[in-house]
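Given the structure of chain A, go ahead and fit chain B onto it with the hints provided.
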Amino acid sequence: MATEEPTQYGRQVSTEDHILEVEDATVRFDLDRGQSTVLDHASLDIRRNEIIGIVGESGSGKSMFAASLLDVVEDPGLLTGEITYYPENPKTLPQGITTDADGAVKILDLNKEQKRRYRWEEAAMVFQGAMSSFNPTMKIGAHFKETIRAHNADLDERMTHARDLFDALHLDADRVFGSYPHELSGGMKQRALIALSLVLEPEMLVMDEPTAALDMLMQRSIIAMLRELQDEFELTILFITHDLPLVAGLADRLAVLYAFEFVEVGSAYKVLKNASHPYTRALLRSLPSIDSVVEEMQPIEGAAPDPVSIPSGCRYHPRCPIADEQCTVEDPDLMDVEDEQVAACFYPEESRETITYSLHSGVVEEDM
Amino acid sequence: MSETESDEPLLSMEDVEVHFKPGGVIEKALSEEIVRAVDGISLEVEEEDIVALVGESGCGKTTLGKAAIGLQRPTGGSIKYRGQNIWKAKDRSSDAKISKDEIQQALQIIHQDPGSALNSSRRVRATLADPLKRWRKELGPDERLETIYHFLEYVGMTPVEDYAERFPHQLSGGEQQRVVLGRALLTNPDLVLADEAVSALDVSLRVEMMDLLLELQDMFGTSFVFVSHDLANARYLTKKSDGRIAVMYLGDIVEIGDPDELIENPTHPYTKVLRWSTPPADPDVASETMHMQPPVRRIDIPDPADPPEGCKFHTRCEHAREVCKQEDPDLYDADGTDAKCFRALDNHEYWHSEELTDREELGFTSSLDEEEPADD
Numbered sequence: 001m002a003t004e005e006p007t008q009y010g011r012q013v014s015t016e017d018h019i020l021e022v023e024d025a026t027v028r029f030d031l032d033r034g035q036s037t038v039l040d041h042a043s044l045d046i047r048r049n050e051i052i053g054i055v056g057e058s059g060s061g062k063s064m065f066a067a068s069l070l071d072v073v074e075d076p077g078l079l080t081g082e083i084t085y086y087p088e089n090p091k092t093l094p095q096g097i098t099t100d101a102d103g104a105v106k107i108l109d110l111n112k113e114q115k116r117r118y119r120w121e122e123a124a125m126v127f128q129g130a131m132s133s134f135n136p137t138m139k140i141g142a143h144f145k146e147t148i149r150a151h152n153a154d155l156d157e158r159m160t161h162a163r164d165l166f167d168a169l170h171l172d173a174d175r176v177f178g179s180y181p182h183e184l185s186g187g188m189k190q191r192a193l194i195a196l197s198l199v200l201e202p203e204m205l206v207m208d209e210p211t212a213a214l215d216m217l218m219q220r221s222i223i224a225m226l227r228e229l230q231d232e233f234e235l236t237i238l239f240i241t242h243d244l245p246l247v248a249g250l251a252d253r254l255a256v257l258y259a260f261e262f263v264e265v266g267s268a269y270k271v272l273k274n275a276s277h278p279y280t281r282a283l284l285r286s287l288p289s290i291d292s293v294v295e296e297m298q299p300i301e302g303a304a305p306d307p308v309s310i311p312s313g314c315r316y317h318p319r320c321p322i323a324d325e326q327c328t329v330e331d332p333d334l335m336d337v338e339d340e341q342v343a344a345c346f347y348p349e350e351s352r353e354t355i356t357y358s359l360h361s362g363v364v365e366e367d368m
Numbered sequence: 001m002s003e004t005e006s007d008e009p010l011l012s013m014e015d016v017e018v019h020f021k022p023g024g025v026i027e028k029a030l031s032e033e034i035v036r037a038v039d040g041i042s043l044e045v046e047e048e049d050i051v052a053l054v055g056e057s058g059c060g061k062t063t064l065g066k067a068a069i070g071l072q073r074p075t076g077g078s079i080k081y082r083g084q085n086i087w088k089a090k091d092r093s094s095d096a097k098i099s100k101d102e103i104q105q106a107l108q109i110i111h112q113d114p115g116s117a118l119n120s121s122r123r124v125r126a127t128l129a130d131p132l133k134r135w136r137k138e139l140g141p142d143e144r145l146e147t148i149y150h151f152l153e154y155v156g157m158t159p160v161e162d163y164a165e166r167f168p169h170q171l172s173g174g175e176q177q178r179v180v181l182g183r184a185l186l187t188n189p190d191l192v193l194a195d196e197a198v199s200a201l202d203v204s205l206r207v208e209m210m211d212l213l214l215e216l217q218d219m220f221g222t223s224f225v226f227v228s229h230d231l232a233n234a235r236y237l238t239k240k241s242d243g244r245i246a247v248m249y250l251g252d253i254v255e256i257g258d259p260d261e262l263i264e265n266p267t268h269p270y271t272k273v274l275r276w277s278t279p280p281a282d283p284d285v286a287s288e289t290m291h292m293q294p295p296v297r298r299i300d301i302p303d304p305a306d307p308p309e310g311c312k313f314h315t316r317c318e319h320a321r322e323v324c325k326q327e328d329p330d331l332y333d334a335d336g337t338d339a340k341c342f343r344a345l346d347n348h349e350y351w352h353s354e355e356l357t358d359r360e361e362l363g364f365t366s367s368l369d370e371e372e373p374a375d376d
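From first to last, the protein sequence lines are chains A and B. Here the first sequence stands for residues 1 to 368, where the numbers follow full-length UniProt numbering. Here the second sequence stands for residues 1 to 376, where the numbers follow full-length UniProt numbering.
None of these hints come from the bench; they were simulated from the model. Even glycine gets a Cβ: it sits at the ideal position worked out from N, Cα and C. Fair warning: there could be bad hints in the mix.
As the list claims (entries may be wrong) - So, partial list: chain A residues that the calculated Cβ filter (under 8 Å) puts toward chain B: (1) Asp164; (2) Ser185; (3) Met216; (4) Leu244; (5) Gly249; (6) Met297.
Here chain A stands alone, though its shape is the one from the complex (with noise of 0.2 Å):
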């Protein structure tokens, strides 16, 4: 199958320069019944000024991964592996905060007061829920002012830039600042929080599912946001979540993770016509979306493996369909599937063969 891409997707993001780059990134935890391996070997680079879709089921390590970027990841979780920053000027860094010789940040290697400021100034994480994000006895404005004094910067030109970003998420600065959580809905509660990340001017905003408790229509809009967002302000932005088509319309590419590893990276746009791992493709073929063909959906065979007992070689093996000797005692690494898109599986070509899937009913969306 040809697959072109379209223009809208070829936002111009650079494929050489890297922001992230997380490697072997691997989170475990010790529990009674065994070691528990709930990030494994991940590996990913992240491209300056992209917005890039990390897409799992519940329990597939997505969140994880979130909380590695920024080395939050709870005790009694180790986090090992190594994060690589690369910040656009070097001299913008907060105080303490260094590079080497070739531009690059090493986060695991940063103090505690280094990754602090790191967090809120380089790389801001933006959850679900806002409703519990905010100090429900402190006005709006109070949350953003607390924010900029603690990080020492500068308050009328912070509080400006503030305003740029309630505009920008078309909220009113006047009325939202001097409002209690209470007194807005989630959706403007949410847009406030993510502008609340973004005073600081971060680089890298990181969204763990943050539109999942709100209405569809909020939850669309927001999205829709985003991209305006990530033009204006340069961001690079990693958008996780389970919902597939919530990011189908955003990202410029996917990152698919499958029992706590990559199985599927590539353009957004490759990844969802034609998926080469047969994980991601029963994924789509499971998804009940608005346009897909109800007839050919069919669920994925079997459960994701426990955290303490993964099958050994390619861990999705026993809900293969075309697995085989092989695949049973190897585990295949993301290997070049195309340009632009790398899976983790032995034969990409029988995987697309045998698992079919449609996308599109082929009824065309209504002219609005």
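Frame of chain A; chain B shown alone:
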């Protein structure tokens, strides 16, 4: 099972109203405010029927569902199970042909979050035995266990002896949901309210769960009222079962009909909003619609305690005109669906009324002018 009057629909709701006074005791006493969670809805559910109620939070879909199965007393209108007014039966009115117990057994519910719907200290066996003990007293202990094993096997939880002895925390989300489903279905109900029963599951498990619902519908002959905020799930379930989707907005059903017509050719502007809000998986379609302005004049839903006059959707509707501010439309026969919108009528004064143009500035990439449809 009562097959008293076969010509009566399984469930018939007529002009049902559920009005709440919000807040606690004091607030209730002082406040004049009334939330019309369900505001005069008529709906019939047949045998082996599936109706999906879809809408934003606060639209009244769960309240309507609860009213349908007798968990919420309506403040107006009537709800009849096989011709018997269920609240008359519940109040033990002397002329009730069908008893309160029978009705209670026939109408069941599956809750949203299977984790919290199960008692964490009781084994699967004990949870599933409850409905059998209460409603099928003729079964002895061995037969009960056999029925439970049979159900577990049917829903794929094997080895059944192992699963029967497990506690909820030893089950996956999908398995928990099956137990909840079992608890409802083992009473042999006629109608089950599934309240967001698949939304809490991972996307890849949703189809499986909905297929299971459909299979069980086949096996037990159950009807479902399926409450969901997700049009994609509602579409899947109703398309596969020949069911109907009912779109709700601020206490009204604004459009109802078969899923193909309703989704591909919606008449009510609000149905179009839901359609826009539901992301397609196809990247071509997704990126196309991503640049479109949402088809509303205002994003936020009005306060349900103070809904707009006239058509309740007129404050957000793209196609609203002066007349929509004054008059509340009925459900009219539109092409393939019933829609509560004047646009379904060819010769309504709506078409000569002045357009409402006040629009919240959303600043999306495409401008409204490009999309303004040619009015027919």
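Going through the hints against the structure:
Hint on Asp164(A) is violated. Least Cβ distance to chain B is approximately 13 Å, over the 8 Å limit. Here the hint on Ser185(A) is kept, as its CB sits about 6 Å from the closest CB of chain B, short of 8 Å. The beta carbon of Met216(A) comes within 4 Å of a beta carbon in chain B, closer than 8 Å, and the hint placing it at the interface holds. The interface hint given for Leu244(A) is met, as the beta carbon of that residue sits about 6 Å from the closest beta carbon of chain B, less than 8 Å.
Taking 8 Å as the C-beta contact cut-off toward chain B, the hint placing Gly249(A) at the interface holds, the least distance being around 3 Å. Interface restraint check for Met297(A): the shortest CB-CB distance to chain B comes to about 5 Å, inside 8 Å, so the restraint holds.
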